[in-house]
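Undergrad: Below are the chains, spelled out letter by letter.
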Amino acid sequence: MNAMTHEEAFSELAAVALDAASPEIANAVRTHAEACPECGPELASMEETIAALGTLVPSGQMNRGRSAGIRSRLLMRARAERELRSAPVPGPPDIARGVASLTGQGQRMTPGAQRPVTGETRTFTPPESQRVRTDARGSGRGVNWYAIAATIALVITGAQMLRMTSERNRLREQVAALDSVAPAQVSDSAAPMIAQRDSMIAAMTGPDVKVVPLMNQNARDPVGRMMWNRASNDWIMVTYNLRPPKPGMTYQVWLVTADAKISAGTFKPDAAGKTMMHARYALDRDALRSVAVTEEPEGGMPAPTGPMVIAGAA
Amino acid sequence: MNPSERAPSYSGENGSNAEDTALIRRIVDADETALGALYDRWVRSLYSLVLHLLKDPDEAEDVVEETFWQAWRKADSYEPSKGAVSTWLLTIGRRKALDRLRARKRNREDPIQDERGFSDLRSTSPDPGSEAEGSELREHVRAALRELPEEQREVLELGYFSGLSQAEIAERTGQPLGTVKTRMRLAMQKLRAPLSIHRGAAQ
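The listed protein sequences derive, respectively, from chains A and B.
193 is the number that the numbering used here gives to position 193 of the first sequence; each next residue is one higher, with no gaps.
128 is the number that the numbering used here gives to position 128 of the second sequence; each next residue is one higher, with no gaps.
In short, the hints are calculated from the structure, not lab data.
It is possible that some hints are incorrect.
Per label pair, the in silico range of CB-to-CB distance [as the list claims (entries may be wrong)]:
| # | chain 1 | residue 1 | chain 2 | residue 2 | range |
| --- | --- | --- | --- | --- | --- |
| 1 | B | D58 | A | R243 | 14 to 24 Å |
| 2 | B | E139 | A | P297 | 54 to 64 Å |
| 3 | B | P80 | A | A202 | 49 to 59 Å |
| 4 | A | D208 | B | S77 | 22 to 32 Å |
| 5 | B | K55 | A | S86 | 21 to 31 Å |
| 6 | B | A193 | A | E298 | 56 to 66 Å |
For glycine and all other residues, C-beta sits at the position ideal for the given N, C-alpha and C.
Using the sequences provided together with the hints, build the complete structure.
TA: Here it is, written out as structure tokens:
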């Protein structure tokens with residue numbers, strides 16, 4: 001829309017203050033008001049008037065628990081974002097290596113400039129052909145990795161850490177029971193998957209696991225969790241209900257410390273919005289400040305540039 | 001009194017805008033504890049407003065969270081010369097609530113709720129004793145609203161509560177667009193006068 005004359009803008013001030021003007025008109029009026037000594041104060045005054053009308057509404061009281069939850073989420077996200085934006089970025093050569101796609105098989109992650117690669121990282125969705133088969137007649141019974149992960153993730157919430165040992169044992173018993181159904185019928189090709197599964201369960205249920213709930217702006221509950229086994233240096237991230245990144249974009253995970261924003265790789269959720277990532281990386285046990293996921297161009301970036309999708313304070 | 005239990009108020013009335021402005025400065029400096037303090041000061045007023053607009057507690061809570069998050073992200077855009085922090089927050093929240101009302105309308109989920117008007121805004125506080133800070137202002141505003149000609153109040157109500165554009169208000173009321181604009185402007189000017197007096201007395 002072309003620039004407005006003073007008279008045109010002045011006649012629209014009330015509508016703009018009331019948010020009853022079209023976006024085009026509102027933008028034009030605000031642009032004019034920025035530089036107009038008459039319209040600027042007039043618009044500010046009208047907006048004060050509108051705000052004063054808001055004081056007349058009936059007093060509503062939010063549920064205390066929900067209000068506390070909103071407050072807590074806001075502060076957690078703010079802290080995570082502050083640390084994401086303020087931590088220095090490691091130098092380019094190491095960062096370039098550090099941006100590894102986690103969507104491929106067995107790709108390595110080099111999360112920090114100072115630390116060596118100590119393991120592998122990849123999504124943990126076994127292809128159909130590799131699923132464990134326990135039915136003697138060949139009917140498939142796939143191991144539901146997400147279900148296991150989700151179960152474990154739900155188990156490992158802050159207040160439930162004390163229950164972790166018993167839950168770990170229970171899970172292990174369940175896994176053992178599954179394995180004992182027809183061990184002889186498990187194909188050789190499934191053995192690595194079973195080992196991997198056991199490793200994952202051990203990593204997520206160990207006695208020294210730190211859990212970081214990952215939140216987004218609109219969700220009341222976490223939409224993901226990062227589990228960090230500080231004893232084994234395993235990192236496992238589970239997300240749910242994540243929308244796919246925009247075309248040409250990907251999600252990138254950042255481990256934020258006081259000294260660095262460490263790329264933990266890129267990923268794309270599956271069609272159901274779920275992701276599971278596993279990495280191994282040594283970090284000082286008190287170093288983690290937050291975990292964040294940003295949307296970045298395909299292949300990842302050396303430092304966060306895009307909007308934060310989910311985050312959580314450690 | 002727990003700060004979060006404060007009755008809806010108006011920072012220009014209780015002398016707290018300086019405190020709010022200081023909190024905004026700290027938010028600009030990425031101090032999340034300031035966001036918590038701002039939340040405690042204004043969550044009740046904001047929630048009351050958006051709940052009244054949306055009539056849906058879940059949506060109102062979402063808008064409250066979105067509003068404070070925007071305050072965190074956009075704190076550097078706040079300009080004290082353009083009004084109090086509370087005005088800024090309530091304006092953000094009201095716009096977000098109106099966006100949702102308009103989305104409902106587009107989805108035909110929620111016909112325009114004409115019953116929401118200023119006429120139901122009498123003696124609405126459950127705890128009159130607790131809102132002395134803002135009661136004088138409220139009485140000024142109520143008195144000014146009562147003085148408005150019916151046709152001006154109608155235009156104001158449709159814009160304030162329903163998120164209708166001026167063109168939509170014109171269609172709804174059967175009045176020419178120019179008439180709607182004039183009525184809206186006159187209503188605003190008449191409401192503003194007692195507020196100016198009140199602000200002047202408070203300084």
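Undergrad: If a hint holds in the structure, say so; if it does not, say that too.
TA: Hints, verified against the model:
{"no.": "1", "hint": "D58/B / R243/A: 14 to 24 Å", "result": "holds, 20 Å"}
{"no.": "2", "hint": "E139/B / P297/A: 54 to 64 Å", "result": "holds, 57 Å"}
{"no.": "3", "hint": "P80/B / A202/A: 49 to 59 Å", "result": "holds, 56 Å"}
{"no.": "4", "hint": "D208/A / S77/B: 22 to 32 Å", "result": "violated, 43 Å"}
{"no.": "5", "hint": "K55/B / S86/A: 21 to 31 Å", "result": "violated, 41 Å"}
{"no.": "6", "hint": "A193/B / E298/A: 56 to 66 Å", "result": "holds, 58 Å"}
Violated hints, in rising order: 4, 5; the structure is consistent with all others.
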